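A.B. asks: Listed below, chain by chain, are the residues.
There are 2 protein chains.
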Amino acid sequence: MTVERAETIQLAHGSGGRRMSELVEKLFLPAFRNPHLEQLNDGAILPVAGTRLAFTTDSFVVRPLFFPGGNIGHLAVHGTVNDLAMSGARPLYLSSGYILEEGLPMSDLQRIVDSMGQACRDAGVLLVTGDTKVVDRGHGDGVYINTAGIGIVPDGVDIRADRARPGDAVIVSGAIGVHGVAILSVREGLDFDANLESDSAPLHGLVADMLSVTRDIHCLRDPTRGGLASTLHEIAQASGVGIAIEETRIPLWPQVAATCEMLGLDPLYVANEGKLVAFVPAAVAEPVLAAMRAHPYGGEAAVIGRVVEDHAGMVVMRTVVGGRRVVDLPAGELLPRIC
Amino acid sequence: MTVERAETIQLAHGSGGRRMSELVEKLFLPAFRNPHLEQLNDGAILPVAGTRLAFTTDSFVVRPLFFPGGNIGHLAVHGTVNDLAMSGARPLYLSSGYILEEGLPMSDLQRIVDSMGQACRDAGVLLVTGDTKVVDRGHGDGVYINTAGIGIVPDGVDIRADRARPGDAVIVSGAIGVHGVAILSVREGLDFDANLESDSAPLHGLVADMLSVTRDIHCLRDPTRGGLASTLHEIAQASGVGIAIEETRIPLWPQVAATCEMLGLDPLYVANEGKLVAFVPAAVAEPVLAAMRAHPYGGEAAVIGRVVEDHAGMVVMRTVVGGRRVVDLPAGELLPRIC
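So the protein sequences, as listed, match chains R and X.
For the first sequence, this note's numbering begins at -6 and goes up steadily by one.
For the second sequence, this note's numbering begins at -6 and goes up steadily by one.
These are computed hints drawn from the structure, not numbers from a lab.
Quick caveat, the model's predicted, so the values are computed rather than measured.
Please note: incorrect hints may appear among the correct ones.
Since the list gives no way to pick out one identical chain from another, each pair is judged satisfied if it fits inside one copy or across any two copies.
Unchecked claim - Result set (DMTMM-like, lysine to aspartate or glutamate): computed pairs, CA atoms no more than 25 Å apart in a straight line:
1) K19 with E31
2) K19 with E239
3) K19 with E95
4) K19 with D115
5) K19 with D107
6) K19 with E94
7) K19 with D155
Chain R extracted, bound-state conformation:
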């Protein structure tokens, strides 16, 4: 369904999938057309005062506000810090825009704000400006938070979604689907034996360690909404290359796999908040991987595939049983309100 034919906004328009990219391409891009926006990276890279500024924004509408491993406050810091980090930038400053719902317990707000403050200190960023609005009871969901962020891209770094090249190794920094399953576990009232917590984490330190091995990292993305599948698909499209991955190489925890199976979800499409996908020249794949594994947030990093000359714009996965499967964008909404 095209934007023209969809008459109202549906949850799928916020899913990170096909409907969302249609909305961006057919409605947002034509209205604001400019070369910075058209890059369609996680943030814009802007020439300011002789340096390259990274600038990005993200709104957080996660439900519930509190979940195993954190809350909307630290998520709002990590999300924007990570969007900056995915351009190789060193994050410096954040803004926050709170939309509060009338009736929100002050103690909940206090917990969220404190958690956000702690996340800023842990990530070494300063929240320097903010805004607070209050909407009437029944017109919000407790708290929505927007954060925007500014960082500086180091010289010699040029990380973009359109830089994947045949031969590149595809590396994921750890086990997939953890954040999404942790959120679902509380939302669906599931009772797990395992203590599964959101993997939400700031990734700029991991990226800095990778860049200390080589400045020649081609693409970086954090596979949030739409999961690993959507991220790989976007890079295949942006770079005009094929991506071949091996299902057996993708780190996946048994309790995540089991929950996904129970709920009929494909872990490839489940959101992550503390993981990244990197495309690096094959020649540096091993040292980059070693640097990642030495970092607290990269211990389970693995090469999961490579960029190929074939099937440009498509992601093809060799499955556990040896078949081949096309990994496409999700068409509908799998997991609303996950971040």
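Let chain R serve as the given structure and place chain X on it in line with the hints.
C.D. replies: Relative to the frame of chain R, chain X by itself:
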């Protein structure tokens, strides 16, 4: 009532009045404490790459989405452009974060986005990065928009809320209360003879003209939420000075005065979106005023008072009938969801 005693968020916490400043001082500032945030200006001024970057954010939750003279889209551009302009910065780049409610007509979104694009072109700023989330039906209000913005502060400009000095002239750029009354007119279903439209406008051009007269402008603020009264009160507090204004000198349109009287509102507390208040040394007041009057958005600019040695931290108004009245912050919520 202190934050500690208020157990839940109330509409007044978003009003720009006393409750909101308590929330900022007691909850937000302690969590994020840093010298940039503590300036409490409309945006932060940050040292980046040898230049001074202005960085600001604002969320827009105006109800209704469409109102006489515009809609939430152009308001979201003007609001952030103006917050940048109030530090004297030249606005360069914006981000946008849309929170859409499931069921929003696509045609409404199209109108809003188109209007936002036009406002960017008119203001000469580029929207370079964005994010879209969708919340379930009944958990939003059609569209909430956050914009963050980046600008550059010219050399020699140092505009801050704490720079008002005794002797400074207080100038307002035009008639007050227009935006708030235009919104209320549709919300309350009032039928006016006069076509009253929101005064929402980008003010950086006006500020640039003022700065071409003198770099020594002490304070600039756009009196949005909480109106002229709250803005003057904030500057009196931040600068530790008294402010004396003359009611007869404040530009006020008859239809705004009449509507305020009918609704029991004080126009001093009604929101504006295309107006600014400036504090300038008395010696340059006349040429600055002349430059403002020559600009399309400053035709009705007027000196409304001056900064005095007496009553530090307080705003005192000589009323039409010759009495003296203390102009304080509003304690409660006068006009929710006005921007």
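A.B. asks: How would you classify K19 and D115 at a CA-CA limit of 25 Å: within, between, both, or neither?
C.D. replies: Between copies only: 22 Å across chains, 39 Å inside a chain, cut-off 25 Å.
A.B. asks: Up to 25 Å between alpha-carbons, please classify K19 paired with D155: within, between, both or neither.
C.D. replies: within (20 Å within a copy, 46 Å between copies)
A.B. asks: For the identical chains here, do K19 and E31 meet the 25 Å Cα criterion within one copy, between copies, both, or neither?
C.D. replies: Close inside one copy (12 Å), not across copies (41 Å); limit 25 Å.
A.B. asks: Check K19 against E95 for me: Cα-Cα at most 25 Å, and say if that holds within a copy, between copies, both or neither.
C.D. replies: So K19 and E95 pass the 25 Å test across copies only (18 Å; inside, 35 Å).
A.B. asks: Which holds for K19 with D107 at a C-alpha limit of 25 Å: within a copy, between copies, both or neither?
C.D. replies: between (39 Å within a copy, 12 Å between copies)
A.B. asks: Since the copies are identical, ignore which copy is meant and state whether K19 and E94 lie within 25 Å (CA to CA) inside a copy, between copies, both or neither.
C.D. replies: Between. Shortest inter-copy distance 19 Å satisfies the 25 Å Cα cut-off; intra-copy 32 Å does not.
A.B. asks: 25 Å Cα cut-off: does K19 pair with E239 within a copy, between copies, both or neither?
C.D. replies: neither (34 Å within a copy, 52 Å between copies)
Hint compliance for this structure: hint 2 alone is broken.
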